[in-house]
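This is what each chain is made of:
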Amino acid sequence: MFGKEKSQYIEDSKFRYTMREMKKNGSAYVLALPFFLLFVVFTGIPVLISLPIGFTNFNMVQFPQWTGLSNFYTLFLADDVFLIAIQNTLVFAIITGPVSYILCFLLAWLINEMPGPLKTVFTYVFYAPTLAGNIFATWQLIFSGDTYGFLNSVLLNLGLVKGAQQWLTDARYILMCVIIVQMWMALGAGFLALRAGLQGIDKSGYEAGAIEGIKNRFQELIYFTVPSMGPQLLFAAVMQITSSFTAGDIGRSLTAFPSTDYAAHTIMTHAFDYGSIRYEMGYACAICFVLFLVMLVVNNVIRKAMSGILDT
Amino acid sequence: MRIIKKRKKWGGSRGGDIAIFLLLIFVGLFMLFPIYFSFVQSIKPVEELFVFPPKLYVQNPTSLNFEDMLKVAGALDVPFSRYVFNSVLISVVVTVVQLLLSSSAAYVLAKVRAPGIRAMNKIIEIALLFTSSVTYIVQYIVMAVLGMIDTYFALTLPYIATAMGLFLMRQFMGQIPESMIEAAKLDGASHMRICWQVVMPNVKPAWLTLMIFAFQGAWQITGYLFVYSEQLKPIPIVMQQIAASGIARTGVSSATVVVLMLPPMILFLILQSNVVETMAHSGLKD
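So the sequence lines, in the order shown, correspond to chains A and B. Take the first sequence: its position 221, counted from the start at 1, is 220 in numbering that gives the first Met the number 0, and no numbers get skipped. Take the second sequence: its position 93, counted from the start at 1, is 92 in numbering that gives the first Met the number 0, and no numbers get skipped.
Be aware that a few hints might be false.
[Stated by the list, open to error] Facing chain A, a subset of chain B residues (Cβ under 10 Å, in silico):
1) Gly27
2) Thr134
3) Val137
4) Ile148
5) Pro157
6) Gly187
7) His190
8) Pro204
9) Ser253
10) Met264
Please keep in mind that the hints were generated in silico from the structure rather than gathered at the bench. These numbers were taken from a predicted model, which means no experiment stands behind them. Built from N, CA and C at the ideal position, the CB exists for glycine as well.
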């Protein structure tokens, strides 16, 4: 239909063609308008303005002074903590990202294999941590450094450790603890979207598959389920990228801030440090800009890889 | 034919089902443990809170922690019910409006081909990656210009149009067969009608999921930079204050944790059972 109309107006200039198409779909723009209005005002404008602030020196009192690339020079050449933060962010993202992505897909799929009522129960159980979210106080109790700490008391009783371990202040353990809590919380949005996606799959497809000779559930997963879940798999991937690269809150709430030897310091905590504690807004914006670029690259690479496998 | 019938209820082999079941139980226990532990801590009397080794059960359950919490809450300048009202108002408004606006926009982005739509899609996809902790200063300026500081608008409007909600709906709507929409168009349905009467009933799991995300997000809104009148503040801020006030009382802070996590959990329970029920017998075909 689209193609036919185009040839009808072939002698029109591109501009007039565009105008006509826009007029024809006017009601569609009206439908999308309220969302985009709010989006531009509260997300678009703030993001677009904070990008150039990264090239200034801005203390939130005086008007920003343009300093060119100096914030970025400082970041990469003089700020040792930032280099630690980059390293931690990458380690953290490389471990938690793929693992929780695979985990949230596997769990969503396994739950779908269960009969009706169990599906609901398990979905609830696995999403509950994301809902409970910031029960950091409880995790602090579990990892607490004294003998009242739950983990310590278990390990002491079993005789696995000699004395109480300082899980949250010993630089050797901090990142591990943060990763565990992140994994616990990370199923979240991706998991729920995949569950919803699995529920939308046409059941008659399974029957057709059985007739075509799909023997067991793994074949069914690979030949039928995964290909029909493209959009949800992409959604889950994007969610995992953002949550693993922007992690920082967990480390900040769980351990002291800043953590011992900056062991739980990520790019996000670094930005928080400059943006909300030291009020060096220009520098904080520069940090966020770098993080955004890193995520953009990772996102594009993963999308390319995924579109090779799925047709999204 | 018998195999197919069996396939519908239980997947694959019986042994595989049991293995999966045990695996899920095992992972499930790890997931539930911290939540259970929070709950147990909140009903422990003081003597039991500081026992070594920490116990996983309560000998004399008490509601004292919750009573203490309410006592502190009752001593505030503004009645506690006002905070509850604020939080419920904010959560309901944000959830409903977000559902309406994201769904409409997602329909346009997924199913309408017109100039500019591709660009809008690109913008949303990029915006997904920009989770920034530094935009609050510009957000404050924008709200000040609009005269929204210290109003309910500051607590609701900024949280409605999220790239994530739109992206979620768009991904699901993209799966609706084109033929379905063409048929509705031939019947003379407007975009609005197609979106709400043709597309939306077919993506019910998606919008129930969006409602969960939206409510969960809205329930955590504190608005602490944008609102300073005590009458406008939502529950999470008060809970933070209460938890911070009783330093020696780990029990009270555990009680606030439980109170805060209950409403989203209850809503999720209601919506989730709905998802499973409705989708058991639906199917889309191209």
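Hints, verified against the model:
Interface restraint check: Gly27 of chain B against chain A, minimum CB-CB distance 4 Å, threshold 10 Å, status holds. At a threshold of 10 Å, the smallest CB-CB gap from Thr134 of chain B to chain A is about 4 Å, leaving the interface hint in force. The interface hint given for Val137 of chain B holds, since its Cβ lies 4 Å from the closest Cβ of chain A, which is under the 10 Å cut-off. With a cut of 10 Å, the hint placing Ile148 of chain B at the interface with chain A is violated, because the nearest CB-to-CB distance is about 14 Å.
About 4 Å separates the beta-carbon of Pro157 of chain B from the nearest beta-carbon of chain A, less than 10 Å, and the hint is met. Of the supplied interface hints, the one on Gly187 of chain B is violated, with its beta-carbon coming no nearer than about 13 Å to a beta-carbon of chain A, more than 10 Å. The interface hint given for His190 of chain B holds, since its Cβ lies 5 Å from the closest Cβ of chain A, which is under the 10 Å cut-off. The closest approach between the C-beta of Pro204 of chain B and any C-beta of chain A is roughly 4 Å, which is under the 10 Å cut-off, so the hint is satisfied.
Below 10 Å, beta-carbon pairs count as interface contacts, and Ser253 of chain B has one with chain A at about 7 Å; its hint therefore holds. A least Cβ separation of about 5 Å between Met264 of chain B and chain A falls short of the 10 Å threshold, and the interface hint therefore holds.
Violation of the numbered hints given earlier is confined to hints 4, 6; the remaining hints are satisfied by the structure.
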